[in-house]
Amino acid sequence: MWGGLSLELRAYIVRRLLLLIPVLFGVSLLIFAILQSFSPIERASLYVSDPRQFANLPAIIEKYGLDQSVWVQYGTWINQIFHGNLGWSKVVSQPVTDAIMNFLPATLELALFATPLIILGGIFLGSKAAAHKDRTIDHATRFGAILGWSLPTFWLGLMLLMVFYGYFSGLLPPERLSTEINILVNSDSFSRYTGLNVIDAILNWNGRVLLDSLRHLVLPVITLTVVNLAFIMRLMRSSMLETLGKGYILTARAKGLDENAVVNKHARRNALIPVLTVSGYIFASIANGVVITETIFNYKGLGWWAWQSAVHLDIASVLGFALFNGILFVLTNLIVDLFYTRIDPRIRLGGQVQ
Amino acid sequence: MTELRFWLHQLRKNPLSFVGIAIILTFIIIAILAPIMASPPENHIDPYQIPRDGYSSTPKPPSEEHVFGTTQGQYDIFYGVIWGTRSAFKVGLAVIGMVLVIGIMLGSIAGYFGGIIDEIIMRVTDIFLAFPPLILAMAITVALGPSLNSVILALIIVQWPVYTRLVRGDILAVREEDYVEAARGIGSSPLRIIIRHVLPNSIYPALVMASLDIGAVVLSAAALSFLGLGAPEGYADWGQMIQFSRNWIVGPPDDPMAYWYTVTIPGLFILFFVLGWNLLGDAFRDILDPRLARR
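As you go down the protein sequences, you meet chains W and E in turn.
For the first sequence, position 3 matches number 3 in my numbering, and the numbering has no gaps at all.
For the second sequence, position 224 matches number 578 in my numbering, and the numbering has no gaps at all.
Please keep in mind that the hints were generated in silico from the structure rather than gathered at the bench.
Cβ coordinates follow ideal geometry from the N, Cα and C atoms, glycine included.
Please note: incorrect hints may appear among the correct ones.
Not everything, but these chain E residues come out facing chain W in the computed CB check (under 7 Å) [stated by the list, open to error]:
(1) SER411
(2) PRO415
(3) ALA484
(4) PHE485
(5) PRO486
(6) ALA577
(7) VAL604
(8) MET611
(9) VAL617
(10) GLY621
(11) ILE624
Derived CB-CB ranges, DEER-like [what the hints assert, rightly or not]:
(12) ILE549/E - LEU19/W: 27 to 35 Å
(13) ALA254/W - ALA376/E: 41 to 49 Å
(14) ALA59/W - LEU526/E: 49 to 57 Å
(15) ALA55/W - GLY499/E: 55 to 63 Å
(16) ALA376/E - VAL278/W: 25 to 33 Å
(17) LEU526/E - LEU171/W: 25 to 33 Å
(18) SER93/W - PRO415/E: 37 to 45 Å
Please model the entire structure based on the sequences and the hints provided.
Right under this line is the structure:
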């Protein structure tokens with residue numbers, strides 16, 4: 001990918017990568033600062049890698065110097081993290097790192113369905129609204145968006161459950177799988193390739209599991225989508241309106257192109273750039289939403305685990321989860337920025353990079 | 355004056371903003387009249403504590419005595435949502451107020467002086483902004499011990515970088531204006547220049563946007579309460595009332611919607627509260643958009 005890049009752009013990418021180091025250092029410092037509000041006994045759970053060690057916490061405090069100066073402690077703590085030890089998650093009785101790995105597929109499955117819906121739906125509705133500015137569809141989407149981001153996610157989820165699980169007696173149930181399917185999935189006759197139920201069901205060619213997992217996904221995916229869709233839709237609308245006012249759109253219209261080609265070919269592509277720049281924000285918003293959505297539906301993924309840990313004041317898990325999300329978020333933003341330099345021709349062809 | 359007329363003109367173009375104003379006014383009245391609308395029983399020590407009518411966990415439907423029914427633990431829903439309005443304003447105003455104070459102070463310092471101070475403050479905001487906000491707030495609430503004050507503090511810690519950057523940007527825009535140079539030329543102190551010349555000419559958009567953010571703040575606080583990290587049990591708080599209703603989403607098989615009131619009513623209060631602020635905010639976003647002509 002280096003071939004076509006200008007010198008300036010190369011310098012930018014290198015600078016951006018170097019900037020990653022202080023930010024990640026800061027992220028670890030912040031988590032460590034939160035950690036300092038706990039007593040050494042409570043903090044010891046972050047260094048435990050085996051439940052038997054809980055019997056002798058003073059030994060751990062001694063071993064990792066938890067009663068020593070802050071900087072010594074930071075050193076031992078960060079060393080543990082580089083060795084992949086984030087402590088012991090009491091809620092699920094396994095190391096925090098394992099818990100993250102075990103719960104990740106469920107959450108990925110949720111995000112895999114919600115993200116395309118949010119982005120494609122938002123782009124589609126937003127450009128529709130802009131192309132028909134001040135007409136019925138524009139007003140409808142405007143009101144829909146305001147209503148959408150005023151909705152408390154947790155309330156929306158519960159109301160959906162009340163209707164589709166209660167009123168329509170069990171049509172769209174909570175949790176990840178029904179009991180019998182869950183037993184089937186965990187038996188020997190079903191091989192788990194990815195941990196994502198839908199994909200595993202297809203790979204195993206098992207229609208019952210596929211249907212069941214989809215049934216359980218509908219409500220969480222809707223809950224996760226609504227709020228974020230509203231945001232993308234509004235952003236796309238204003239970006240599209242700005243683009244439609246540009247000179248080259250006037251040119252395109254003047255040379256007699258039909259309106260669909262103008263909107264779909266000339267305007268939409270350029271209007272997409274601001275939407276791309278907020279993909280990092282979308283990641284954060286989905287991560288936030290996942291905690292609430294999984295809590296409502298008892299959908300056992302990362303968010304559900306984080307909630308359980310928070311309620312049980314399991315500090316090792318909560319901080320491990322926060323650190324994991326912080327790092328992911330920083331990396332997402334990095335990828336978005338680098339990708340941005342690729343798609344924006346003004347930057348790709350050697351323009352000024354800010 | 356022309357500025358004010360422009361605002362009123364823009365507001366009139368967006369009739370939904372008046373619906374927003376009406377909703378917010380209604381909530382302000384509810385908050386003020388709470389002691390009259392839902393008077394605490396005699397010998398009740400803390401009015402924010404919802405009175406209970408028994409200890410049975412099963413909710414009871416609306417009746418003459420309990421207009422909106424009772425939720426899990428026999429807490430009166432009507433009393434809860436009315437006093438919950440006060441809690442909502444309390445949280446919203448406390449967070450936005452503190453965040454603005456911090457944002458204006460650090461933002462002015464960073465924006466006006468620039469250089470190494472600016473660099474340090476901006477890198478610190480980067481670190482706080484490197485987390486999904488609700489997840490960071492959750493970790494902080496757990497660290498401080500779950501309570502309403504922890505929720506307020508956590509939201510302040512999560513939100514201050516946003517406003518610091520906002521104010522800094524506004525200040526950068528006017529820092530080099532002629533009147534600021536003039537003040538510098540006659541030897542005014544930096545503090546005086548910031549307070550008398552820079553802030554009054556740059557701060558209003560941030561102030562307006564911040565106050566309209568009260569809805570969003572209340573929404574986040576309610577989410578934390580719903581997760582069980584907020585107010586102690588029985589405190590009048592909308593998020594917690596929805597948490598109470600979690601076990602009562604589905605009724606007995608012959609009447610699956612039997613407990614609809616436990617979840618629907620507190621949820622509608624949150625929805626309308628946030629909706630009011632957002633309707634107004636949507637109109638103001640247009641007003642503050644510099645691309646719109648001010649005629």
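Index of numbered hints that the structure contradicts, given in increasing order
1, 2, 15, 17
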